[in-house]
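Last residue of the sequence shown: number 302 in my numbering, and the count goes up by one each step with no gaps.
No lab work stands behind these hints, which were simulated from the structure alone. Don't be surprised by glycine CBs; every beta carbon is placed ideally from N, CA and C. A portion of the hints provided could be inaccurate.
[As the list claims (entries may be wrong)] Listed next, the in silico DSS-like pairs over lysine-lysine satisfying Cα-Cα at most 30 Å (straight line): (1) LYS79 / LYS96; (2) LYS176 / LYS79; (3) LYS53 / LYS176.
[Said to hold, decoys possible] The calculated label-pair distances, taken between Cβ atoms and stated as ranges, are: (4) ARG219 / ASP165: 32 to 40 Å; (5) ALA239 / GLY218: 19 to 27 Å; (6) GLU209 / GLN102: 37 to 45 Å; (7) GLY104 / ARG221: 51 to 59 Å; (8) PRO54 / GLY125: 24 to 32 Å; (9) LEU107 / ARG157: 22 to 30 Å; (10) ILE257 / ARG75: 25 to 33 Å; (11) ALA201 / SER169: 47 to 55 Å; (12) ASP165 / THR207: 54 to 62 Å; (13) VAL205 / GLY84: 56 to 64 Å; (14) GLY213 / VAL136: 20 to 28 Å; (15) ARG70 / ALA148: 15 to 23 Å; (16) ARG268 / THR207: 21 to 29 Å; (17) PRO54 / ARG221: 51 to 59 Å.
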Amino acid sequence: MAGGAEQGRIGPGDRGRCPGGRAVKPPRRITVFTHHYPEDTRAAVLRLVEKVRDRGVEVRFPPAEVEKHSIDDQDGCVLNANEDDATDLAIVFGGDGTILTALRACAVSGAPVFGFNYGAIGFLSTVERDQLDEGIDRALSGDFDVLKMPALETEVGGQRRMGVNDISLHRRANSRVATLEYSVGSEQLGRVRSDGLVAATPVGSTGYNLANGGPVLAWGVEGYVVSFIAPHTLTAREWRTRPSATRSTSPPTGARWASWSRGRASSCASGTTR
Numbered sequence: 029m030a031g032g033a034e035q036g037r038i039g040p041g042d043r044g045r046c047p048g049g050r051a052v053k054p055p056r057r058i059t060v061f062t063h064h065y066p067e068d069t070r071a072a073v074l075r076l077v078e079k080v081r082d083r084g085v086e087v088r089f090p091p092a093e094v095e096k097h098s099i100d101d102q103d104g105c106v107l108n109a110n111e112d113d114a115t116d117l118a119i120v121f122g123g124d125g126t127i128l129t130a131l132r133a134c135a136v137s138g139a140p141v142f143g144f145n146y147g148a149i150g151f152l153s154t155v156e157r158d159q160l161d162e163g164i165d166r167a168l169s170g171d172f173d174v175l176k177m178p179a180l181e182t183e184v185g186g187q188r189r190m191g192v193n194d195i196s197l198h199r200r201a202n203s204r205v206a207t208l209e210y211s212v213g214s215e216q217l218g219r220v221r222s223d224g225l226v227a228a229t230p231v232g233s234t235g236y237n238l239a240n241g242g243p244v245l246a247w248g249v250e251g252y253v254v255s256f257i258a259p260h261t262l263t264a265r266e267w268r269t270r271p272s273a274t275r276s277t278s279p280p281t282g283a284r285w286a287s288w289s290r291g292r293a294s295s296c297a298s299g300t301t302r
């Protein structure tokens, strides 16, 4: 499990301090992320631009955001910015899926993600949409706590992918049920015939993992859980391990697998260890 994503939270305590004691400075660069329905979020985006105009704050819009909201070239706005570039704060107008996208983009820089709930549930959101003006003011002032969230990292073929919720390994469509060999560190734990497996953080344990019959981990629990997808055995059980443990999985000979981290896929062939 890799450490890695930070999320803004409005709550009591010293202004601009996080639970770990790190000061949250007022941001000078902000990157904006929104969901796929610009008619719902355009007014919020324009309000943000209006509020930063007199603060000398740079607002960065990745290409997808420029296209969705028809952002004009104006003072303080950087158009077609790379969403992975260093930033001081990511502001999200969207749901949990968009917040996860922003968390992944900011994982390397460690910039906090401040989410406005424009989705259905808003489990990861910092504030609700009816708190727009207050939320923007507090985000621009650094007046929020920072909650550090664990993340998972997978590597195959030299490529690394990160997942804040979970990472899943699936057999290819139309292929047969296969046997997975899995281990933690250097210790092999067993073999399971299944359609794949899901590794989930405590934050993501209520998603795909729960649907597999895996346990729910409370926020703050140090570790992650692995559950199997449609196991074809009576002995397969979900299991939990410490945050620093490396879990390896080997597909069977002749098989091809697909790995998913919140909609982003990669593939691995037989003999590859994950």
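Status of the hints after comparison with the structure:
no. : hint                        : verdict
1   : LYS79 / LYS96               : holds (20 Å)
2   : LYS176 / LYS79              : holds (27 Å)
3   : LYS53 / LYS176              : holds (16 Å)
4   : ARG219 / ASP165: 32 to 40 Å : violated (56 Å)
5   : ALA239 / GLY218: 19 to 27 Å : holds (22 Å)
6   : GLU209 / GLN102: 37 to 45 Å : violated (57 Å)
7   : GLY104 / ARG221: 51 to 59 Å : holds (57 Å)
8   : PRO54 / GLY125: 24 to 32 Å  : holds (28 Å)
9   : LEU107 / ARG157: 22 to 30 Å : holds (25 Å)
10  : ILE257 / ARG75: 25 to 33 Å  : violated (43 Å)
11  : ALA201 / SER169: 47 to 55 Å : holds (50 Å)
12  : ASP165 / THR207: 54 to 62 Å : holds (56 Å)
13  : VAL205 / GLY84: 56 to 64 Å  : holds (59 Å)
14  : GLY213 / VAL136: 20 to 28 Å : holds (26 Å)
15  : ARG70 / ALA148: 15 to 23 Å  : holds (19 Å)
16  : ARG268 / THR207: 21 to 29 Å : holds (22 Å)
17  : PRO54 / ARG221: 51 to 59 Å  : holds (55 Å)
In this structure, the earlier hints numbered 4, 6 and 10 are contradicted, and the remaining ones agree with it.
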